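Based on the provided sequences and hints, a complete structural model is requested.
There are 2 protein chains.
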Amino acid sequence: MTKQDLFQHILQKQSFLCVGLDTDIEKIPPHLLREQDPVFAFNQAIVEATAPFCVAYKPNLAFYESQGIEGQRSLENIVAYIRRNYPEQFIIADAKRGDIGNTSERYARAVFDHGEYDAVTVAPYMGEDSVKPFLIYPGKWVILLALTSNKGSQDFQLTTGADGEKLYEKVLKRSQEWAGDEQMMYVVGATNEDQFEHIRKIVPHHFLLVPGVGAQGGSLEKVAKYGMNKQCGLLVNSSRQILYADSTEKFAEAAAAEAQRIQKEMAIYLQWLKKEK
Amino acid sequence: MTKQDLFQHILQKQSFLCVGLDTDIEKIPPHLLREQDPVFAFNQAIVEATAPFCVAYKPNLAFYESQGIEGQRSLENIVAYIRRNYPEQFIIADAKRGDIGNTSERYARAVFDHGEYDAVTVAPYMGEDSVKPFLIYPGKWVILLALTSNKGSQDFQLTTGADGEKLYEKVLKRSQEWAGDEQMMYVVGATNEDQFEHIRKIVPHHFLLVPGVGAQGGSLEKVAKYGMNKQCGLLVNSSRQILYADSTEKFAEAAAAEAQRIQKEMAIYLQWLKKEK
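Read top to bottom, the protein sequences are chains E and D. According to the numbering used here, the first sequence is numbered sequentially starting from 1. According to the numbering used here, the second sequence is numbered sequentially starting from 278.
In short, the hints are calculated from the structure, not lab data. If you're wondering where the values come from, they're calculated on a predicted model, not measured in any experiment. Positions of the beta carbon are idealized from the N, C-alpha and C atoms, including for glycine. You can trust all of the hints, since none of them are fake.
Covered stretches of chain D (in silico footprint by chain E; criterion: 3 or more residues with CB under 8 Å from a CB of chain E, positions within the stretch not fixed):
{"no.": "1", "segment": "333-340"}
{"no.": "2", "segment": "398-408"}
{"no.": "3", "segment": "416-429"}
Put into structure tokens, the structure is as follows:
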């Protein structure tokens with residue numbers, strides 16, 4: 001999917017919401033446990049309910065890997081289901097992969113050849129040759145970790161170098177030598193509201209994938225205010241807040257209502273783009 | 278497995294070799310493609326041939342993930358096979374995982390609850406709360422990336438902070454606040470020979486997992502000379518050099534010969550421990 005396609009989809013839906021499929025078998029409504037594949041049934045219902053209000057889905061691979069092969073099968077099936085029924089949706093493998101070249105090449109095959117994802121999250125610690133193998137797939141995206149939403153982001157990402165640059169700034173700058181804004185996005189946590197204006201100076205045109213709104217405490221309004229660019233440039237993720245809005249048979253309706261609530265708020269912020277013209 | 282158990286196994290085998298199971302279906306001998314599960318058949322033969330000469334196996338998850346569910350099944354089967362037949366072997370999930378707490382928790386379950394691994398490689402970029410969920414399993418190990426063997430290690434790991442510390446040094450120091458040398462090891466690439474002496478000053482007692490000998494060009498002798506401590510403290514990995522020593526029906530014999538050649542060299546270096554006493 002091109003950047004322009006993604007932007008058009010955002011304008012059409014009046015939403016830049018990404019629904020995180022962090023599906024936890026221990027949290028899904030009990031009546032679904034009677035299904036042959038409860039995780040797939042839950043995700044299918046969530047996708048059907050939320051698709052009108054979002055532009056992207058982000059399965060979190062850890063939640064499926066922790067269920068072994070059964071979990072992997074649920075995951076493949078839900079990705080195939082979205083691809084088939086909602087081809088306009090941007091599908092992100094939230095995997096945080098990254099290894100030496102010949103190994104990253106395999107991870108890339110896993111998500112882009114064998115898998116049907118549009119994008120994969122990648123960790124930058126191992127540098128250029130650990131990221132480049134993900135960049136050879138036309139129309140596919142790398143979403144590189146820059147400044148994450150968790151407390152541990154302070155341990156290394158926010159440490160300052162001898163050159164005065166913080167590590168995450170170095171990642172933002174250095175990685176622009178590897179690919180441009182048509183192939184790369186960055187993870188910037190909503191909990192770092194105060195850094196968005198500064199980050200936009202380093203990566204004015206890139207899309208940012210923003211976790212941390214909702215359960216982790218970030219503010220959507222501030223992210224939009226300081227993070228939006230002319231092509232929106234934001235995919236704001238919400239997972240738990242939507243998935244587990246209700247734990248009864250009405251979970252899908254509740255998820256739809258929550259996704260719509262966020263979409264409506266996003267529609268207000270998207271008006272700002274018109275005013276700028 | 279405790280550190281003492283691992284050291285005893287090293288003394289008994291006179292080896293600190295870890296065999297990396299980076300099994301590539303495109304590189305295994307053609308006659309195995311007739312097997313129901315060629316990847317499992319190859320790995321089984323490799324393990325049988327090399328077990329007398331090594332103390333650890335390190336399946337590289339990317340190679341199995343790139344084959345989808347079939348690959349996952351081969352992987353589960355080979356880990357179960359090693360666990361059952363060679364319970365003394367230390368099994369490392371080379372996964373380079375790391376995410377926010379609730380997600381790392383799932384990755385930890387994937388390798389330690391659902392999986393039967395002794396250890397998992399973890400990327401430090403997201404900091405303390407991304408690593409800690411892997412540390413709650415008694416007898417299980419985190420192997421944290423410090424200074425990797427690839428060219429990209431220069432991009433961020435070797436950059437110097439305002440405090441004069443390189444990023445990988447910061448990782449080595451900071452992470453010692455999270456766990457000690459009975460629960461944590463570090464990845465240090467053999468290609469960084471000149472850093473081993475220095476690294477041993479920061480982590481004198483830890484085990485180091487050392488990739489990069491062989492195909493990547495590192496020297497086993499130098500790693501042993503500068504990296505060994507009183508309990509050996511080294512697991513040196515070899516993958517391609519052993520797995521693909523021969524591409525005919527004699528591949529397993531060739532793998533055994535190559536593993537034995539490395540083991541014999543290691544036995545010489547292990548003599549240094551006696552002299553120190």
